[in-house]
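From just these sequences and the hints, can you work out the full model?
Order-wise, the sequence lines are chains L and Z. If you use our numbering, the first sequence corresponds to residues 41 to 292, in order. If you use our numbering, the second sequence corresponds to residues 33 to 243, in order.
Source of the hints: derived by calculation from the structure; they are not laboratory data. Check the hints yourself; a few may be wrong.
Claimed, not checked - Some chain Z residues flagged as far from chain L (calculated, every beta-carbon gap over 10 Å):
1. 92
2. 94
3. 97
4. 177
5. 191
6. 225
As the list claims (entries may be wrong) - So, partial list: chain L residues that the calculated Cβ filter (under 8 Å) puts toward chain Z:
7. 80
8. 82
9. 208
10. 237
11. 291
Predicted, not measured: the structure shown is a model, and the values here were computed from it. The beta carbon of each residue, even a glycine, is placed where N, CA and C say it ideally should be.
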Amino acid sequence: MLAKRIIPCLDVNAGRVVKGVNFVELRDAGDPVEIARRYDDQGADEITFLDITASSDDRDIILHIVEAVASQVFIPLTVGGGVRQVDDVRRLLNAGADKVSMNTAAVNNPQLVADASARVGAQCIVVAVDAKQTSPGRWEVFTHGGRKNAGLDAIEWARTVESLGAGEILLTSMDRDGTKAGFDLALTRAVADAVGIPVIASGGVGNLQHLADGVTEGRADAVLAASIFHYGEFTVRQAKEYMRARGIEVRL
Amino acid sequence: MKVVVVDYGMGNLRSVAKAIEHVAPTAEVRVSSAAAEIRAADRVVVPGQGAMPDCMRELSARGLRDAVIRAAAEKPFLGICVGLQMLFGHAEEGNVMGLEILPGRVPRFPEAAMAAPDGSRLKVPHMGWNQVHQAEAHPLWDGIADDARFYFVHSYYVEPLDPEVIAGSTHYGIPFTSAIARANIFAVQFHPEKSAQAGLRLLGNFMRWNP
Chain L
41 MLAKRIIPCL DVNAGRVVKG VNFVELRDAG DPVEIARRYD DQGADEITFL DITASSDDRD
101 IILHIVEAVA SQVFIPLTVG GGVRQVDDVR RLLNAGADKV SMNTAAVNNP QLVADASARV
161 GAQCIVVAVD AKQTSPGRWE VFTHGGRKNA GLDAIEWART VESLGAGEIL LTSMDRDGTK
221 AGFDLALTRA VADAVGIPVI ASGGVGNLQH LADGVTEGRA DAVLAASIFH YGEFTVRQAK
281 EYMRARGIEV RL
Chain Z
33 MKVVVVDYGM GNLRSVAKAI EHVAPTAEVR VSSAAAEIRA ADRVVVPGQG AMPDCMRELS
93 ARGLRDAVIR AAAEKPFLGI CVGLQMLFGH AEEGNVMGLE ILPGRVPRFP EAAMAAPDGS
153 RLKVPHMGWN QVHQAEAHPL WDGIADDARF YFVHSYYVEP LDPEVIAGST HYGIPFTSAI
213 ARANIFAVQF HPEKSAQAGL RLLGNFMRWN P
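Next up, the structure:
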């Protein structure tokens with residue numbers, strides 16, 4: 041049976057992992073390669089890098105990071121942040137990324153999703169949907185890190201990007217992100233049920249029960265978390281053992 | 033020993049090459065789109081990502097079709113993902129023909145079979161870590177537990193006419209063939225280069241294989 045995936049997410053700025061990563065015996069808490077290798081050892085099913093580099097001068101640094109990680113860590117890598125054109129997608133894939141995630145650029149130019157998917161295949165294209173609840177049962181898409189309302193219904197947008205050729209949706213609740221209150225399960229389930237492509241739940245994980253709920257209640261195909269893993273509260277392996285004990289199929 | 037990873041312009045070849053270098057540090061690993069290099073190689077890996085029609089078109093456009101067919105006939109040959117699918121005949125994706133080295137077709141996961149027990153639906157692409165049941169002992173399975181998990185990303189799967197070639201199978205809504213073996217050919221639907229220890233083991237086995 042297909043396992044539900046657990047995906048640690050790392051924010052990278054100018055080649056360094058930001059937000060402290062607090063593992064025992066980590067030599068360099070900012071080194072993406074060492075951290076990725078550590079997550080691989082723990083049994084992470086994939087790793088996602090979010091490039092938050094603001095300066096365009098430093099944008100190519102992520103390519104070197106991806107090259108370095110991909111030559112040492114043999115699990116799927118997803119990279120997002122700053123992708124604006126098909127050529128950005130190709131360069132990341134050529135560097136060793138398996139999937140490329142786009143958010144603002146997809147909203148501004150939906151044709152980018154179609155063009156990129158046609159060029160490199162749907163399986164490489166992830167559309168990140170950042171959603172905020174605006175009224176009961178309605179969530180809207182936000183861009184620019186949650187600051188700008190795109191005026192799109194999140195569920196409709198998920199269906200749209202599926203039809204444009206996205207292979208996966210990374211769904212983040214902007215209401216829950218950083219709260220440790222758990223995923224927005226109603227949002228997750230609404231989107232997961234609306235599309236035929238895999239959905240990764242993100243935003244709000246504070247404990248292992250939240251991860252399990254994302255799969256059982258939210259019907260997500262994968263769950264993404266950052267801080268609970270970075271600060272050493274839980275290992276990926278502990279998360280998987282917890283999920284398995286609740287009857288969820290995982291790779292252990 | 034020289035291994036060539038066939039480059040026909042599709043997908044992430046770098047990861048395949050890096051993974052082989054990792055398990056066989058003394059081997060010469062070349063990513064190449066030159067027919068002469070494929071002919072001169074000791075071993076050939078045909079990866080592949082993306083849409084089958086594009087892959088077939090690029091293979092022909094680069095003049096690699098014959099070199100790949102020759103390699104599949106005479107030297108240790110590893111097909112990965114579309115590199116498995118192209119060994120067969122008719123592909124539902126784009127309604128194109130593969131290389132027809134093995135009889136069979138390449139259909140898409142049928143919508144009707146994609147209902148999960150909890151009432152949700154199984155998603156296509158089939159993406160993530162699934163179990164591979166080994167149909168028979170094979171040198172490429174050496175040291176890999178039966179039902180070990182490998183990383184898959186695909187919407188189409190192979191349906192061989194000859195059950196004798198089935199080396200591994202996986203269940204996703206339906207049972208499907210996830211590995212085939214015949215003589216010097218071994219080909220897998222999953223991505224060994226992205227399948228952590230089990231995948232590296234399989235690549236190492238391939239590099240040691242003397243069919």
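### Query
Are all beta-carbon distances from residue 225 of chain Z to chain L longer than 10 Å?
Not fine: 6 Å to the nearest Cβ puts residue 225 of chain Z too close to chain L.
### Task
Grab the minimum C-beta distance from residue 291 of chain L to chain Z and call the hint holds if it beats 8 Å, violated otherwise.
4 Å, holds
### Query
Per the CB criterion, is residue 237 of chain L less than 8 Å away from chain Z?
Result: holds, 6 Å to nearest chain Z Cβ.
### Message
A cut-off of 10 Å on Cβ-Cβ distance, and residue 177 of chain Z was said to be off the interface with chain L. Does that hold?
### Response
The assertion about residue 177 of chain Z holds, with a minimum of 12 Å to chain L.
### Task
Using 8 Å as the Cβ threshold, decide whether residue 82 of chain L counts as touching chain Z.
Status violated, d = 11 Å.
### Message
A closest beta-carbon separation below 8 Å is what the hint needs, so does residue 208 of chain L meet it against chain Z?
### Response
7 Å, holds
### Query
Is the Cβ of residue 92 of chain Z farther than 10 Å from every Cβ of chain L?
At roughly 19 Å from the nearest Cβ of chain L, residue 92 of chain Z sits farther out than 10 Å, so the non-interface label holds.
### Query
Beyond 10 Å from chain L, beta-carbon-wise, is residue 94 of chain Z?
Given that every Cβ of chain L is farther than 10 Å from that of residue 94 of chain Z, nearest at about 17 Å, it holds.
### Message
If we take the beta carbon of residue 97 of chain Z, is the closest beta carbon in chain L still more than 10 Å away?
### Response
21 Å, holds
#### Entry: Least C-beta distance between residue 191 of chain Z and chain L, which was stated to exceed 10 Å
Label holds. Min Cβ-Cβ 19 Å, cutoff 10 Å.
#### Entry: Hint validity - residue 80 of chain L Cβ closer than 8 Å to any chain Z Cβ
7 Å, holds
Comparing the model with each earlier hint shows violations of hints 6, 8; every other hint is respected.
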